[in-house]
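Chemist: Each chain is listed here by its residues.
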Amino acid sequence: MDSNRLEQIIDAHGRDSANLLAILQDIQKQENYLPRETLKELAKKLNVPLSRIYSLATFFASFSLKERGKHICTVCMGTACHVRGAPRLVDQVEREFGIKPGGTTADKKLTLETVNCVGACALGPLVILDGEYHGNMNSAKLERVLQPLKKE
Amino acid sequence: MSSKLKNAADLEAYRKRVAEKSRPSGKVVAICAGTGCCAYGALKLAPAFREELKKHGLQDKVMVRQTGCHGFCERGPLVVIQPEDTLYQRVKIQDIPEIVEKTLAGGEVIERLLYHDAGGQAYTKESEVPFYKHQMRLILAHNGHIDPTSIDDYIAVGGYAALGKVLSSMKPEQVIKMIKASGLRGRGGGGFPAGVKWESCRAAKSEDGVRYIICNGDEGDPGAFMDRSVMEGNPHSVIEGMIIGAWAIAHPGKPAGYIYVRNEYPLAVERLGIALKQARELGLLGENILGSGLNFDIKINKGGGAFVCGESTALMASIEGFVGEPRAKHIHTVESGLWNKPTNLNNVETWANVPLIIERGVEWYTSIGTGDVRDNPWGGSKGTKIFSLVGKVQNTGLVEVPMGVTLRHIIFNIGGGIIGGKRFKAVQTGGPSGGCLPESLLDMPVDFDELTKAGSMMGSGGMIVMDESTCMVDVARYFTHFLADESCGKCVSCREGLKQLSLILQRICDGQGRPQDLELMESLSETIREASLCALGQTATNPLDSTLRYFREEYIEHIEQKKCRAGVCKSLIRFRILADKCTGCMLCAKKCPQQCISGEKKKPHVIDQSKCIHCGVCRDVCNFDAVVVE
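Taken in sequence, the protein lines are chains A and B. When the first sequence is numbered by our numbering, its final residue is 135 and no position is left out of the sequence of numbers. When the second sequence is numbered by our numbering, its final residue is 1069 and no position is left out of the sequence of numbers.
In short, the hints are calculated from the structure, not lab data. All C-beta atoms, glycine included, are put in the ideal place defined by N, C-alpha and C. It is possible that part of the hints are untrue.
What the hints assert, rightly or not - Below are the DSS-like pairs computed for lysine-lysine, each with C-alpha atoms no more than 27 Å apart in a straight line:
#, chain 1, residue 1, chain 2, residue 2
1, A, K134, B, K1030
2, B, K1029, A, K134
3, B, K693, B, K616
4, B, K1050, A, K124
5, B, K1009, A, K83
6, A, K124, B, K1041
7, A, K83, B, K1030
Unchecked claim - Here are the in silico distance ranges between beta carbons for each label pair:
#, chain 1, residue 1, chain 2, residue 2, range
8, B, S1010, A, Q130, 26 to 32 Å
9, B, A580, A, K134, 46 to 52 Å
10, B, A970, A, Y37, 26 to 32 Å
11, A, K134, B, E1069, 34 to 40 Å
12, A, E135, B, A1018, 38 to 44 Å
13, A, K134, B, E798, 55 to 61 Å
14, B, E992, A, Y37, 43 to 49 Å
15, A, D90, B, P1043, 37 to 43 Å
16, A, E20, B, K768, 36 to 42 Å
17, B, E969, A, K53, 44 to 50 Å
Next comes chain A alone, as it looks inside the complex (with noise of 0.2 Å):
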């Protein structure tokens, strides 16, 4: 991220590192993940140590150190989910595309990312394929939310 951008997010959220979690989520929002050398910057503009960066970084589920995937497969595993079978759904896409949650294929393709509830129950098992709700799913269906990706 170019300082520039990095200076106006900053700047919205207001410098002092109680924003930090509000600005890492933001960097995040528009890189897809927290880049290494982003968080070194923003270490110094902020005057705070990075080890307390990397903590709120780790700690947080929402956040990925990693380069993500170009699409991003969110399987929900909330318990009305999980009685409902998403375990299967996470070995299937695990299966397929040869990746662990928090995974990325190598071609920069997919991610496999797990959520513990959007609470969205009554549509469970839940699969969010780049921020869209596919409800109800079972293989046949995941199969045919995924078919486009292996095609492209």
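Assemble chain B onto chain A, guided by the hints.
Modeler: Using the frame of chain A, we list chain B on its own:
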């Protein structure tokens, strides 16, 4: 833009104006725009309705309104036609021409879009549908009627009247006394009396007068979405509660407010943001609110996806820009919380209860619920509670009932019982900190104290129904694994203990359990409970303990007979194709990722058990229910 309201009388005059304006002369099409219905495509419906209405020249006679969550998520997208109260469910874009022509223009009901119960009976009115009929909707009362992005809609139905009353005619102490007398207890799970908390926070010493008012919207319990729906569907009710709280707790000092919302709830963040802006524009937030001298504003903080941040001290650490690690509470947060100032934190639903209590009075509020709170704020559970009823139940959705109704009433009368005629096994309440309750406890009244006695807890209100195809050992493994993952790592007992429990449970699910494992887990559980600092660790073994207490035989079967009666634990099951049901369509053979299903066309197929990985794809794709688990 509207100018600022100067006092309570100004607010009432404004209400009259907007009430007249927003009172529809004709019909209203109320479309649910909650997360659930949006996922089914509800957002496309409103523009399509408007366009279709124009074709019939009805655009000025029928109002199209996107509302908050109606709660009956199972049947979304939901559309209610008012004033007739006709409920259409699973409405698709292609149904719209027919709805406009027949129902809105012709006054005719379309039978196929109505809700039909399991017995095939159709219901026309929303209020008659069993899912709604047996509820008592107070907090959710306006969710299906108002547009959450319009402060005028909220004011038109009586919103901010409680605030007007408080600021113009009540002293802070009187408000606290009232909340205390109402018996309102914290809806986030702990059940701590809100009035007692407010009183302590007001009494705490603050050199510069700063006191923080926080709303906990970090609804981290998987399977729970009550708070999300309130924030999305009626954000002003939460904000109004917080402003009243600021007056009662901090006036004439310097109150400052925060709403901490989960990162996973983008729509709630958006709607709260709009609501705060509108409240500022009308002068309901900011300086000298309604001429009372109260200065108060609220900021939204987005969480980062950590379950432990629902814990009050962890949440405050997170607002300060640190990792969400809880601290010991020998000094309470009401005395020294956020930035070491007196801090009052309540949950979303608790705040939303406040305006109701002020407006309708203590006597009315205490007539709902259990016990007697006149001399003891812990003496009962008053008011209603919203539950998110999910899992293997027919009618998934949000359910608001008076405290004290039975689990059976919620699951069977409102929820319509179990999906697919299967047998009820357990209901899990209270999220990862709660427990699994068996059939024998179905007639237990649901309130804070009864649930705790049974080894579970109210939690924030998740209610996950499980049937005979749910494995209780797997459920315990799921929650324990979840908590081991979400433990912040500060206390050894929680960090290491949960990890070990998780490993033992995994071993049992894998068919490697040892006879002494149950005792070992019980002893570990006691240590974790006793030696952990915060509620996460102290309640982390509830799922394990409650399943061991009520479903011990399933553990013994897993360990001794290597059997999972629910057919869930992969190492203990096998898939088989029933020869008499298989039509030889070859679909399963084609889809099997291991290619271990063989058979000729139109002849029964067979699974090669040595290669099968128990993925279940064959069962999913079979159109003839020929694949069974054993």
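Chemist: Compare the structure with each hint and give your call.
Modeler: Hints versus structure:
{"no.": "1", "hint": "A:K134 <-> B:K1030", "in the structure": "holds (18 Å)"}
{"no.": "2", "hint": "B:K1029 <-> A:K134", "in the structure": "holds (19 Å)"}
{"no.": "3", "hint": "B:K693 <-> B:K616", "in the structure": "holds (21 Å)"}
{"no.": "4", "hint": "B:K1050 <-> A:K124", "in the structure": "holds (24 Å)"}
{"no.": "5", "hint": "B:K1009 <-> A:K83", "in the structure": "holds (18 Å)"}
{"no.": "6", "hint": "A:K124 <-> B:K1041", "in the structure": "holds (25 Å)"}
{"no.": "7", "hint": "A:K83 <-> B:K1030", "in the structure": "holds (21 Å)"}
{"no.": "8", "hint": "B:S1010 <-> A:Q130: 26 to 32 Å", "in the structure": "holds (31 Å)"}
{"no.": "9", "hint": "B:A580 <-> A:K134: 46 to 52 Å", "in the structure": "holds (49 Å)"}
{"no.": "10", "hint": "B:A970 <-> A:Y37: 26 to 32 Å", "in the structure": "holds (28 Å)"}
{"no.": "11", "hint": "A:K134 <-> B:E1069: 34 to 40 Å", "in the structure": "holds (38 Å)"}
{"no.": "12", "hint": "A:E135 <-> B:A1018: 38 to 44 Å", "in the structure": "holds (41 Å)"}
{"no.": "13", "hint": "A:K134 <-> B:E798: 55 to 61 Å", "in the structure": "holds (58 Å)"}
{"no.": "14", "hint": "B:E992 <-> A:Y37: 43 to 49 Å", "in the structure": "holds (47 Å)"}
{"no.": "15", "hint": "A:D90 <-> B:P1043: 37 to 43 Å", "in the structure": "holds (41 Å)"}
{"no.": "16", "hint": "A:E20 <-> B:K768: 36 to 42 Å", "in the structure": "holds (40 Å)"}
{"no.": "17", "hint": "B:E969 <-> A:K53: 44 to 50 Å", "in the structure": "holds (49 Å)"}
The earlier numbered hints are all upheld by this structure, with none contradicted.
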